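Line by line, the protein sequences are chains X and A. My numbering puts the first residue of the first sequence at 6, with every later residue one more than the last. My numbering puts the first residue of the second sequence at 6, with every later residue one more than the last.
Derived from the structure by calculation, the hints contain no laboratory data. Fair warning: this is a prediction, and the values are worked out from it, not measured in the lab. Treat the hints with caution; some may be incorrect.
Since the list gives no way to pick out one identical chain from another, each pair is judged satisfied if it fits inside one copy or across any two copies.
[Claimed, not checked] Okay, derived cross-link-like pairs now, SDA-like style, lysine to any residue, Cα gap no bigger than 25 Å in a straight line: (1) K223 - R67; (2) K61 - V19; (3) K225 - S57; (4) K212 - S46; (5) K212 - I224.
There are 2 protein chains.
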Amino acid sequence: MAARQEGEWAHPYVPKDLKLPGYVPCFLSQKDIVVPYLATSLLLVSFIWIFSGRSKLTKTDRLLMCWWAFTGLTHIILEGYFAFSPEFYKEKTPHYLAEVWKEYSKGDSRYVGRDAGIVSVEGITAVLEGPASLIAVYAIATRKPYSYILQFAVCIGQLYGCLVYFITAFLEGDNFAMSPFYYWVYYIGANGWWVVIPLLIANRSWKKITAAIQAEKKIKTG
Amino acid sequence: MAARQEGEWAHPYVPKDLKLPGYVPCFLSQKDIVVPYLATSLLLVSFIWIFSGRSKLTKTDRLLMCWWAFTGLTHIILEGYFAFSPEFYKEKTPHYLAEVWKEYSKGDSRYVGRDAGIVSVEGITAVLEGPASLIAVYAIATRKPYSYILQFAVCIGQLYGCLVYFITAFLEGDNFAMSPFYYWVYYIGANGWWVVIPLLIANRSWKKITAAIQAEKKIKTG
Chain X
6 MAARQEGEWA HPYVPKDLKL PGYVPCFLSQ KDIVVPYLAT SLLLVSFIWI
56 FSGRSKLTKT DRLLMCWWAF TGLTHIILEG YFAFSPEFYK EKTPHYLAEV
106 WKEYSKGDSR YVGRDAGIVS VEGITAVLEG PASLIAVYAI ATRKPYSYIL
156 QFAVCIGQLY GCLVYFITAF LEGDNFAMSP FYYWVYYIGA NGWWVVIPLL
206 IANRSWKKIT AAIQAEKKIK TG
Chain A
6 MAARQEGEWA HPYVPKDLKL PGYVPCFLSQ KDIVVPYLAT SLLLVSFIWI
56 FSGRSKLTKT DRLLMCWWAF TGLTHIILEG YFAFSPEFYK EKTPHYLAEV
106 WKEYSKGDSR YVGRDAGIVS VEGITAVLEG PASLIAVYAI ATRKPYSYIL
156 QFAVCIGQLY GCLVYFITAF LEGDNFAMSP FYYWVYYIGA NGWWVVIPLL
206 IANRSWKKIT AAIQAEKKIK TG
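My request is simple: use the sequences and hints to build the entire structure.
This is the structure in structure tokens:
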């Protein structure tokens, strides 16, 4: 743990002059934070994969249900906690969700610094995109006609959020990570999935929708 | 015009402690800024309305073409200028686009203060949503099958941008307007259109798309 300075813990984040009165260091190791998240996610995804195997859904639809459940719960639980817990970095006990964000802030100190852009994007993600992702699981399972457009809407939201996230960091000097390791693994690596996967799903939804519009047009014209 | 202080013009924006070295006051009056914008827009919209009257397009589609042309050119010209002109408030000659943003900043000083969240949202709006809006005009005119999903995508982007815009201001204390007049007319009034109209168009696109998916399903099932 870091040394105490004038009754306060010195924080490890970059930039060094970031003021965090009342900061309390991480209690858990990186492994103790990351492994439970990945293990719980894997359990959730396996459960949905096996359970949906009994249905007549295609493998793509089953995979999509796994993704939407995983991303929906991540949005609601992890990002929801962050958006509405401005004092998470002062937690004096090992609260798992507070630890997640103390750890993640090593890759982007704007989280611990409560940057307004970050809090806005995370709030929108947690409140709107989280529940919408879970509705997408239901919509795919029950083959609702709004399934593609709902998935498309959430993907556009996720992509817009990532754009704001990366562009604001660039404009503010891109100096929020403790080291290249945290920059590439947390800031780029963890967020990269929410660029690549929404791009793929948005592209698929776009094609499915335009194909349906074309089919509908053919009926009308002939 | 404001008084010169220590070789610099004092700016009229709120908060007063905002530092704007090199600031040069507005040359044009509010009327000289707003009237040309509204008159040009009205001319553009009238031109599209009359020109599209020769086609077999519905009145709704013609109205939508007017909106997409208006919003697309606003995004590209006005917001594009802002996003890529960090020194607009230092313009020493009456450059119309610089004047627009000096005037608008009376309702939201984060523009003249180059807030990273504002510049990000305006950059995304100008570079992605502007051209996409003009493609929507073309897509409606030529009845492309991607017309609804493209319009829907731009609407979600516009709504996300407005959410970030309003939430960041709220989180930062909502104290960026010179007076209640500028707050309600510029900050709320001018932006309100980009909340209400995208909501209406997104809702319409959603319904059209789900109807097409349902129709396609009926053919497949029997």
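Hints, one by one, checked against the model:
no.: 1; hint: K223 - R67; result: between (30 Å within a copy, 23 Å between copies)
no.: 2; hint: K61 - V19; result: neither (51 Å within a copy, 60 Å between copies)
no.: 3; hint: K225 - S57; result: between (36 Å within a copy, 23 Å between copies)
no.: 4; hint: K212 - S46; result: neither (29 Å within a copy, 34 Å between copies)
no.: 5; hint: K212 - I224; result: both (19 Å within a copy, 18 Å between copies)
Hint compliance for this structure: hints 2 and 4 are broken, all remaining hints hold.
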